[in-house]
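> Sequence:
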Amino acid sequence: MIEEDFKMTHIETKFAQIGNRRDPQTGSVSSPIYLSTTYSHPQLGVSTGFDYTRTKNPTRQTLEDAIAELEGGVRGFAYASGMAAIAGVFGLFGQGDHLIVSHDLYGGTYRLIEQILPKQGISATFVDTGEVQAVEQALQPNTKGIFVETPTNPTMRITDLSAIIEVAQRHNVLTIVDNTFMTPYLQRPLTLGADIVVHSATKYLGGHNDVLAGLVVARETEVADRIYFLQNSIGATLGPQDCWLLMRGIKTLALRMDRHQENALLVAEWLAEHPAISTVYFPGLFGHEGRDIHLSQARGYGGMLSFEVESEALVEPLLRHLKLITFAESLGGVESLITYPARQTHFDIPEEIRVSVGVTNSLLRLSVGIEHHSDLIDDLAQALAAAEKEIGAKGAQARHD
Numbered sequence: 299m300i301e302e303d304f305k306m307t308h309i310e311t312k313f314a315q316i317g318n319r320r321d322p323q324t325g326s327v328s329s330p331i332y333l334s335t336t337y338s339h340p341q342l343g344v345s346t347g348f349d350y351t352r353t354k355n356p357t358r359q360t361l362e363d364a365i366a367e368l369e370g371g372v373r374g375f376a377y378a379s380g381m382a383a384i385a386g387v388f389g390l391f392g393q394g395d396h397l398i399v400s401h402d403l404y405g406g407t408y409r410l411i412e413q414i415l416p417k418q419g420i421s422a423t424f425v426d427t428g429e430v431q432a433v434e435q436a437l438q439p440n441t442k443g444i445f446v447e448t449p450t451n452p453t454m455r456i457t458d459l460s461a462i463i464e465v466a467q468r469h470n471v472l473t474i475v476d477n478t479f480m481t482p483y484l485q486r487p488l489t490l491g492a493d494i495v496v497h498s499a500t501k502y503l504g505g506h507n508d509v510l511a512g513l514v515v516a517r518e519t520e521v522a523d524r525i526y527f528l529q530n531s532i533g534a535t536l537g538p539q540d541c542w543l544l545m546r547g548i549k550t551l552a553l554r555m556d557r558h559q560e561n562a563l564l565v566a567e568w569l570a571e572h573p574a575i576s577t578v579y580f581p582g583l584f585g586h587e588g589r590d591i592h593l594s595q596a597r598g599y600g601g602m603l604s605f606e607v608e609s610e611a612l613v614e615p616l617l618r619h620l621k622l623i624t625f626a627e628s629l630g631g632v633e634s635l636i637t638y639p640a641r642q643t644h645f646d647i648p649e650e651i652r653v654s655v656g657v658t659n660s661l662l663r664l665s666v667g668i669e670h671h672s673d674l675i676d677d678l679a680q681a682l683a684a685a686e687k688e689i690g691a692k693g694a695q696a697r698h699d
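All you need for the working numbering is the position in the sequence shown, starting with 1, plus 298.
No wet-lab data here; the hints were simulated from the structure. Hints are supplied without guarantee of correctness; some may be wrong.
[As the list claims (entries may be wrong)] So the derived label-pair ranges between C-beta atoms look like this: (1) 556 <-> 330: 28 to 34 Å; (2) 654 <-> 617: 21 to 27 Å; (3) 328 <-> 587: 39 to 45 Å; (4) 464 <-> 326: 40 to 46 Å.
[As the list claims (entries may be wrong)] Taking lysine to aspartate or glutamate pairs in the EDC-like style, the calculated list, with each CA pair at most 16 Å apart, reads: (5) 354 <-> 523; (6) 621 <-> 677; (7) 549 <-> 395; (8) 687 <-> 610.
Remember, predicted model here, so these are calculated numbers, not experimental data. Yeah, the Cβ is synthetic: ideal placement off N, Cα and C, and Gly gets one too.
Whenever a hint applies, use it, and build me the whole structure from the sequences.
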């Protein structure tokens with residue numbers, strides 16, 4: 299362990315030091331991977347602190363302690379996926395409870411809320427959490443939680459966390475924030491008073507598209523104890539090998555996020571000037587709705603952006619002509635990925651609802667990687683040019699026929 303009289307004051311240092319000096323017996327710099335599923339008891343009634351790996355594992359403990367410190371909470375929890383983490387948090391609620399949820403959010407979360415929670419007697423109201431008044435109006439006597447994405451996935455809507463947290467605290471309601479897009483490097487909702495933070499750690503925290511994981515952090519002990527009971531009882535915990543991979547990824551998070559958002563701003567500015575692009579959603583662009591609020595609660599913009607092409611007909615040829623940027627689901631890896639939300643991440647949301655919140659059939663989401671920005675722009679330029687040429691040729695052929 300780092301000497302107790304030395305305080306790490308910068309989060310970049312905390313990232314880099316994850317797992318270091320956790321094993322005083324060997325002095326291992328990289329946290330050991332403990333694959334054992336069970337642990338011996340020195341004698342009856344005495345435990346080493348580890349009994350069964352679902353309940354507690356030394357490698358997972360290192361990761362959970364690290365994310366708790368990074369997010370400013372009392373305890374962290376590692377799950378087998380981001381959706382397992384969210385489902386674990388929703389386990390805090392039960393028959394007759396009501397939730398308020400951001401109306402523009404990841405499709406998998408929507409599916410869980412709409413198709414699974416009602417079977418458990420839990421109802422939800424989807425609102426634009428960027429409108430505090432809409433949240434207040436959605437409150438019911440049985441409202442127990444507010445679930446927020448900010449920025450939202452994929453249209454990058456911004457929620458004023460301090461305002462929502464004030465409403466929640468006034469009505470004794472839990473505030474849960476999905477911090478996947480921002481990471482604790484750029485945004486720390488618990489320090490603003492949120493009760494729980496969740497992550498799809500598969501994304502930026504892992505950072506290399508090679509580990510599936512979810513993380514949860516609670517701000518207060520009472521909530522943390524309830525989450526731990528659920529985590530241990532249900533058992534959707536992250537295995538030690540994946541915990542180690544995730545810690546390895548987090549060590550370079552600051553460096554990666556700096557490059558992600560540097561590239562994303564340059565790509566967003568280029569897209570905003572392209573005649574085939576009608577709208578660009580990126581908090582770093584001047585004029586982005588909620589930009590000032592975002593900058594009041596985060597110290598950067600992240601690496602995610604979305605954009606609408608001027609015609610749905612451009613989507614398929616654009617995706618097909620890309621040579622560097624990969625057409626694939628997920629986000630947050632070092633490689634740039636482009637996704638078509640209407641048919642991939644948000645397919646389970648009914649079209650009329652999806653379109654009403656801006657997830658149209660012309661919208662593409664881009665996870666900007668750490669490649670050189672000029673190569674990314676060149677790839678988008680050639681793919682757009684090829685797509686426009688192809689559409690133009692088809693139009694001319696149709697007129698000829």
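> State for each hint whether it applies.
Against the structure, the hints:
no.: 1; hint: 556 <-> 330: 28 to 34 Å; verdict: holds, 30 Å
no.: 2; hint: 654 <-> 617: 21 to 27 Å; verdict: holds, 24 Å
no.: 3; hint: 328 <-> 587: 39 to 45 Å; verdict: holds, 44 Å
no.: 4; hint: 464 <-> 326: 40 to 46 Å; verdict: holds, 45 Å
no.: 5; hint: 354 <-> 523; verdict: holds, 14 Å
no.: 6; hint: 621 <-> 677; verdict: holds, 6 Å
no.: 7; hint: 549 <-> 395; verdict: violated, 39 Å
no.: 8; hint: 687 <-> 610; verdict: holds, 15 Å
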